[in-house]
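Using the hints provided, position chain B relative to the given structure of chain A.
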Amino acid sequence: MKIKIFLFFLFGFIYINLTAQEQGRISWKAQEISFGDFVPEAEKSYKVKFFYKEEWIRNINASIPEGSFSLKEILDKVLTGTSVFYYADDRSNIILTLNFAIKDPMKHIDSEENKFIPSMDQGEAEDKGKTSDNMFVDVGNRADRNKPGSVALTGYITDRAKKQPVSGVTVYVLKESAGSISNEYGYYSITLPRGSHLIQYTFIGMKEKKISINLYGSGELNIEMNSMLIPIKETVISAEKNVMFQRFEVGMEKVNISSFKLLPSPMGEADIFKSVLLIPGVQSVGEGSSGFNVRGGSADQNLILLYGAPIYNASHFFGFFSAVNSEIIKDVTLYKGGIPARYGGRISSVMDIGSREGNRKEFAGKAGISPVTTQLMVEGPIIKDKLTYLLTGRTTYSNWVMHLFDNPSLKNSSASFYDLNGRVALDLNKNNKIDFSSYNSHDSFKFNSDTSYSYNNSIYALRWRHFFNSQFFSVFTVNNSTYNYDISSVENPEDAFLLSHKINSTGFKADFNWYQGRNEVNFGTDFSKYNVLPGSYLPEGDSSLVKPVTIEKEHAFETGAYIDDKFVVTDYFSINAGIRFSAYFTSGPKEVLVYEPSFPRSASTVIDTLNFASGDLYKTYGGPEFRVSLNFKVTSKSSLKINYNRTRQYIHLLTNSTSISPSDTWKLSDYYLKPEIGDQYAAGFYQDLLKGIEASVEIYYKKIQNAVDYKGGTKVVMNSTIEKDIVDVEGKSYGLELMLKKQEGRFLWSVGYTYSRALLKSLSDMSDEVINDGKWFPANYDKPNDLTITFNYLFSRRMSFSANYLWNTGRPITYPVATYSVGNHMLVYYSDRNKYRLPDYSRLDLALRYNGNLKSKRIAHPSWTFSIYNILGRENVYSVYFKQEGNVINGYKLSVFAQAIPSITYSFDF
Amino acid sequence: MKFYRSFIIFAIILSSSGCVTKFMPEIDESRELLVVEGLITDQPETNRIRLTKSMPLDKKATIKPIAGCIVSITDDLDNLWMLKDAGNGYYITDSTQFRGVAGRQYKLQIQSNGKIPNNYFYESLPMELKPVPPIDDLFYEKEIIEAETDERAAREGCTIYLNTRDYSGQCKYFRWEYTETWEVRVPYEIENKLCWATNKSSAIFIKNTGVLSENIVSRYPLNYISNETDRLEDKYSILVNQYSMNETEYEYWDKMQKISQQTGSLYDIIPASIQGNIYCVDDPSQKVLGFFSVSAKASRRIFIEDDFSGLVQLYNDCAISPPIPLGQPVPSLGKYVWIIVDGRMSIPPFIVYTDKKFCADCTTRGTKIKPAYWDEDKLNTK
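Just so you know, the protein sequences line up as chains A and B, in that order. Residue numbering for the first sequence follows the working numbering, starting at 2 and increasing by one per position. Residue numbering for the second sequence follows the working numbering, starting at 64 and increasing by one per position.
Just chain B, same shape as in the assembly:
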C-alpha cells in the first residue's frame, strides 16, 4: 500500500500539477446500527463490552450508548457469565468470576432491549482464546530525519520496535495496542507547569507469523515519534499490550487495515463494509458492526529519556507579538489571552501574554496527576 501512495506522490510531482485537497462530499444518509466492541482476556481484570449506535460521519461524533440490554458470555463447556450494565453502554465482567482460559471457545450473547429495533437476539461466532507469549523486547532507535548541516543541528526522531516469539507455535496472529505518556513541561513559571499527556494508538497493528518459517516477530515498528512533538523533550513512556488472535479475528483486522489505508489511488481496495463476528439471530439481514475479541494479553512498558537533537520548540511563539503594553486593557483574560510571565513585581514591571492556552496551562494537554508507574524505571535500575 505504501507503494501506491508513493506512486501517486510520484505522479503528482512528476507532473508537478496534481493536488490533494480536503473534500467532504455531500452524503445525505446515515445509518444507526448496533455496534459491539469488546475484549475479554486471560488476565484477572474486569473486561468490558460496549454497545453503542453508529454515528453520522460529518458531525462531531457523540457516542450513543445503548443501556439495558442483557449481555452474557458462554463458553464451550456451557458456562455462562452475566455481565453487569455499568452505564454509558458498558457491560462489565466480574473479575473475581470470569477470566479467559487459553483453548476455550467463548461466545457473546446480547438480548436487545427494544432500543435497537425489535427485541432481537444477537450472538457472536464461537471465538477460541489463543495463548500469547510475552513481549520479548521493546526498544527504540534514533532516526535521523535530517542530517546535520553547517547551519543546523541534525533533526532526530525515534522509532519504537517490538520483538516477540512463540516457539510453541500456538500464537500465529498478533495484535498490538499501545498507550504513550509523556511529560509536558511548560517553560514558564505558571501554576500548571508540569503535566502528563497520554495518547492511545489508533492505527491497527497486526502480524501474521504463519507465513514465516519461524514464529518470530522481529523489529515490528509500532510507533514513530517525529521531532515535531514534545514527546522526546523530557521523559516518555510507552505501554504495549500484545494480544493473541484466532484466524477469524486476524482476517477481520487485516481487511479493516486494508480498507482504512486508502490513499486515493485507483489501486485502493474497493471500500466495503466488513462483516464482524456478531450476527443477529432473529433477523440475519440485520447488519451488526464491531467485533468481539477473545485474546490472551501480555504487556510491556519502556521509558525513553534521551537527548534528541533538533526537536521543534513548541513554546517559541507563545508570547503575543507585539506585546500588550502594561496598563492597556487586556481582552478576555483567561478566555482568549493568558499570562505566561508575570513581571509586575520586577522593575520595570511587565507582563507577557499568550493567546495559546497550552502555553499557559499544561492541563490543556494532560493531567497533573503523576502516573503511579512514572518512576518505575529509576526503581529498577537503582
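Isolated chain A (complex conformation):
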C-alpha cells in the first residue's frame, strides 16, 4: 500500500470524493440532447472541464429529467448502461474512460461511491527500482457482472519510452492458466471468466507488470511497459516465458533484436541470418553462403518477408552480410513448421522480419562503424505521437580496404554495397494507422577482370491498419518487390555482353483478425502478380558482335484466401485449424515446346510448338492447404503440440550449385514445371524445468513433391527450355530437435541438438535423368548432427559477454572415383551423388560488449563490441575440389575462415 500512496504523491493525484462537489446542484429542464451537446452546458454550469475522446460518446444521448441535480447524479443517470465511466479529480476535471472505471485501490472494490485514479502511468516509479506494482482496475460494464460465461479482455501494449507497440508480450493469468501473446501491433486478447484476476504482463527486456482487475464484461485494458535496462536497449537474449503453453504453432521461433546484436560475427556486423542459424533445424551449406536451409528444405523454399513483401535475394556480398540492416528490425519470427494459414507460397519456412517504427517522442539516432561497413540510423517524430519517420543507410568501404593489400589482382578489383531503408508512419486516428516503407539495396563487384556484376533489391510497401472495434481489426497491404542483376563483360570487345535477369512482384493482401470469446479468427485474401525476365543477353558497346537474345518474359498470378481459428476448447486443450486455398495462373504470351513423350526432352525430340496469346491463362495450378495444430496442456508446466501443414510453392530459384549464387535465376511454374508441394507433420513437447529452464523436444517429418534437380552440367542462366535439363525429384526429411535453455537472470544459455536427414530421389527412368539409380540420396544441405551452444553473461549493465559454439556433420559431397582420358583431356567419373561427406564443422566465437556511458543525459551513448570469430582457428573445410594438373587429378580443400578473426565495432546512440 505504501507503494501506491507513494505513487499518488508522485503524480500529484490526490483523490477526493466527488461528494465535495455535491453542494453544487444545478437546475435542469427536461431535455433529450446528445452527450456532445450536454458537455459544454455541464462545463459551464458546474465549472468543470471534461476529458474524453469524441468517438466514445458519439452514440450516447443524455436524457435529462426536470430537476436540480448534482453533477454526480446527472452523470450517473446519463452514463449508466453505457461502457463509459467517469472520474472527477480535485481540479474540477471530469475524466471519461471507456470500458473500465478508475477506482480507489485502498478501499474495498465494491464500494461504488469511491472512484480513484490508480497510476496508469507508473513508469517513473518503476525507474526507481520497483519491479512491479499492483493496480486495481474495473473492466467492463458493472451491470454485466452477474451474466454467465467468459468474456474477452483486450488491449494494446506499448513501450512507454518509444511509444511503440510491443509484440510477443505474454499475458498470463496464473490462477486460470490462461494466456495469450500480443501480436505485432501490440494487441492482445484473453478470454477469462468474470471476476477478479491478477494479470501478468511479461516480456524479456521489459519489466514484468501485474495488474489486478475486476472483470465485469468484455473490455479493453491498454498497458504501457518499460524497458528493463535504460538506456541499454539491446542486452538480453529473447525468451518467451510461459509462452510455450500458449503458442499455437509448433516450430515457431521468435528472435529478438537484442539477442542477435550480441552474437559474434566475422565482419563485426550484427546479422540476422547468423542468429537464425543457431535455431535447431536451421542450417547453411557453408560459411558465407547465402540462404539457409530449414528442416531439410532448399534455400529458395524460405519466404523472407520485409515490410510484408518478399525479398528475392536476402544477402549482400554472397552471404557474408545479410541484406537487411539490423537497425530497422524489431524482431524476427521464423516458422519452421506450423506455418499459419495467412502465409503461403513457400514450402519450408516463413521468416517474417518485424520492422520498427520511428521514435514517437523525440529525435534519436545511431551510428556504427565496423571494419568493413558503416551505418547511420535516424528516427523521430514529424508530428509528435502522430507522424514518425525512420531512416537508415549502410554502406561498405571494402574498396578502400581491398586496395590496402599489396596484391595486384585485388587492386584491380572492387566490391561494394549499400542499403537504404525508410519508413513513415502516420496515426490518422485511433482506428486508422498508415505506414509507407521502402527498401533499396545494391551490390556491385568486379574481380580482377573486365567482368562486372551488380544486383539490386527494392521493396515499396504501403500498409493500412484499420480497427473496426477492439476485437476486430484488419490490415491491408500493397507492396512491390523487385530483384535484378546485371553481369557485363567487356574483356573482349567483340564478345562484350550485358546479361540481365529480373523478377518483379506486386502483391495485395488483406488480413482480418477477429477476437471473439474463446476464438481468434484470422481470415483474409491475397493476390500477387509476377513478371519475370528470365534473361537477356545483349551486346555491350559498339564493337560487340553479340547477338541480342531476350528470353520471353514470364507472367503469372498467384492468389489465395484463408481462414483459421484459434479455438480454446478447454483450459487444457486448444486447436488452431485453418485452410488456405491457393491458385496460380500462368499467363501468355508464351511459346511452349512439346516433346515426344517417350524420349528424354531435348532439342531433337520437339514435335510441336504451342503459342499462347497475351493474357491466355494457359496453365493453372492450385488447391487447398490444410493447417492444423492441436495444443494439449499436460500439466501446468508442460504441453504437447501436434501439427500438420501443407504449402504450395509456385516460384523456384534455378540453382545448379551447392549454394545460391548471385547469378541464379527465378523461375515461375509453367507448362512443365509444377509447383512444389510440401507436407509437414510435427509434434513438440515443452516442459518448464526449475529456475527458468525450458526444455523442448520437437520431431518432424516432411514430404516434398515436384522438387527439381538438374542433369549434370546444366546451365541455368539464359536457359529458355529448362524443362530439358530438369530431373524430377521428390524429397523427404525428418528430424529430432532438442533444446534446453535458460532465459532468465544474468547467465543465459541454450543448448540445442538436432538430428535430421534431408533426402531426395529421382523419379524418371530415362537414363540421363536417373540420379543414384533412383535411390534416395542426401541433399546438399543434409547435415545429420548439429549441436549449438550459446552462452551469455551480463557482468553489469555496462558489460556483457557472449559465446557460441557450433558443431555439425560436414555436408555431403560428390567425389571423383575414376579417371579416363578423351584426347588429351583427363576427365573424371564421379561417385554416386553426395556419397561422401566433408569433415565435421566446428567453431567457437566470443564477443564482449561494453557500453561506454549510461548517463541518460549524455548526448551520445557509445558502445564497443569486440568479437572473435572462430577463436580456435579451426580450418573448417568449406569445400573439396579436384583439378587436373598435368596428367594427374589433385584434390584440394578450401577453408574460408581458417584463423580466428577479431573485429571491433563502435557505435553510438544519440
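Source of the hints: derived by calculation from the structure; they are not laboratory data. Hints should not be assumed to be uniformly reliable.
As the list claims (entries may be wrong) - When the alpha-carbon atoms are kept at most 20 Å apart in a straight line, the in silico EDC-like pairs for lysine to aspartate or glutamate are as follows:
| hint | chain 1 | residue 1 | chain 2 | residue 2 |
| --- | --- | --- | --- | --- |
| 1 | A | Lys362 | A | Asp160 |
| 2 | A | Lys716 | B | Glu310 |
| 3 | A | Lys712 | B | Asp317 |
What the hints assert, rightly or not - Computed footprint of chain A on chain B; a stretch qualifies when at least three of its residues, placed anywhere within it, have a C-beta under 8 Å from a C-beta of chain A:
| hint | segment |
| --- | --- |
| 4 | 90-101 |
| 5 | 263-269 |
| 6 | 276-282 |
| 7 | 312-323 |
| 8 | 335-349 |
Unchecked claim - Partial selection, computed: residues in chain B whose CB lies under 10 Å from chain A:
| hint | residue |
| --- | --- |
| 9 | Thr115 |
| 10 | Lys116 |
| 11 | Ser117 |
| 12 | Pro119 |
| 13 | Leu120 |
| 14 | Ile126 |
Built from N, CA and C at the ideal position, the CB exists for glycine as well.
Leaving out everything else, chain B in the frame of chain A:
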C-alpha cells in the same frame, strides 16, 4: 567462373586467414567402365578410336586398353567401314578407304569381346560432320607480367590468340587443340645439349558463335606462356587444330568444361558424370564414358622467335653447392649426380656437378630429333 575463383581469393585475402591445401579424401571405390575416345575427320588421314577402361583416381594411372573388339563406323548412306585392331586399345581406319564428308552422319558401333562384361553391343548417336573454315589468323602478343623498375627489367610473357570466321554459317561450334614445341638448350657443353620439347593442350577450348550476330571468333586466347618456362627463350612453335562440332558435341564439352573448372566455391556447378554420345544397346543402364567426335579439321602453325625480357633462367641453380672438390668420391654419378662442366683438362682441373638431371641431359625434357617442320618459317620468308 573466373569470377567465383576471384571471389574466393578475395574472401581469403580480406580475412587474411583462408587457405587452400592439398587434400586427398579417402575414396574407397573405383569403377571400371568402358571408355571410348576417338575422332574421325574429313582429312585424308588415319583416324583412331581407342577403347580403354577407366582408371582409379589415386594411383599413378596406367592405361588399360581393351583389345579384340569389333569396331565399325557406319554412315547415313548405310556404308560400313571396319576398323583394324592396331593394338594397345587402338582401332584405326584405313586412310585410303575412309574419309569423313561434311553433311554426312556417322555412327560408331562396338561389339564387345567379353572383356567388358557380357558381349554387349554399343553404339553412338548419329553424329553429323559439320564443315570447318580455315583458321584466319593465329598470332601472339607480348604480355607485361611485371613492369620495369629501377632495379629490374620488365617481366614478359605472351598470349597466343586465334581468329576465325565462317560466313557460310555452317559451323557454329568450334573446338581447338594445340601442340606446342620449343627448343630446349642446355647452356653447358654436354652431349645432349639441344632438344625439342613438346606439350599437348589439356584444357578444353570451345566456342559457340551461335550467340553472336556474326560467325566470328576474335582474339580467342588459346595459350598463355609465362616467363617462368624456357618456351620463349629460343624458338617456339605452336600447331593449332580447329575442329567443327555439332550441337551434341558442343554441349558435351561445355558441360565438361564447367565441371572441370572447379574452384572450391559453393557456386561451383554440382559435379556429376556427364553422359557422352555412346550407349550400351543391350543394357541401357550400363554407363559408357567418353565421346565419339566427328569433325572437319583445319590446322595452322606459327613460330615465335622474339626477345622477351625477364625470363626465368632455369639453369641458374644447376651446380651443386658447395662444389664437390676434385678427387672426392662422387655418389652415384649418372644416377643422382651428373657432370655439367668437365674441366679436367684445364689448369687447374675442375668438375662441376649437378643434381638436376635436366641440367645435364636435354632428353629428360624432349627429343633430340629435330622436327621436320622446324625451319619452315625460314623457308617461307626467304
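Hint check results:
With a CA separation close to 12 Å, the supplied pair Lys362(A) and Asp160(A) stays within the 20 Å bound. Taking the CA atoms of Lys716(A) and Glu310(B), the gap is near 15 Å; set against the 20 Å cutoff, the hint holds. For the suggested pair Lys712(A) and Asp317(B), the alpha carbons sit about 13 Å apart, so the restraint of at most 20 Å is met. Only residues whose C-beta sits within less than 8 Å of a C-beta in chain A count toward coverage, and the segment 90-101 of chain B has 8 of them, enough to reach three; the restraint holds.
For the segment 263-269 of chain B, the stated coverage by chain A is satisfied: 5 residues place a CB nearer than 8 Å to a CB of that chain, which reaches the threshold of 3. Note: the segment 276-282 of chain B has 5 residues with beta-carbon separation from chain A under 8 Å; the three-residue rule is met and the coverage holds. Check on the segment 312-323 of chain B: 6 of its residues sit with their Cβ under 8 Å from a Cβ of chain A, so the three-residue criterion for coverage holds. Residue count for the segment 335-349 of chain B with a Cβ under 8 Å from a Cβ of chain A: 7. That meets the three needed, and the coverage hint holds.
Using the Cβ-Cβ criterion of 10 Å, the hint placing Thr115(B) at the interface with chain A is satisfied: the shortest such distance is roughly 7 Å. Interface hint at Lys116(B): satisfied, since its Cβ lies 8 Å from the closest Cβ of chain A, which is below the 10 Å cut-off. For Ser117(B), the interface hint holds, the least distance from its beta-carbon to any beta-carbon of chain A being 4 Å, beneath 10 Å. Restraint check, Pro119(B) versus chain A: the minimum CB separation of about 6 Å is within 10 Å; hint holds.
For Leu120(B), the interface hint holds, the least distance from its beta-carbon to any beta-carbon of chain A being 5 Å, beneath 10 Å. A least Cβ separation of about 8 Å between Ile126(B) and chain A falls short of the 10 Å threshold, and the interface hint therefore holds.
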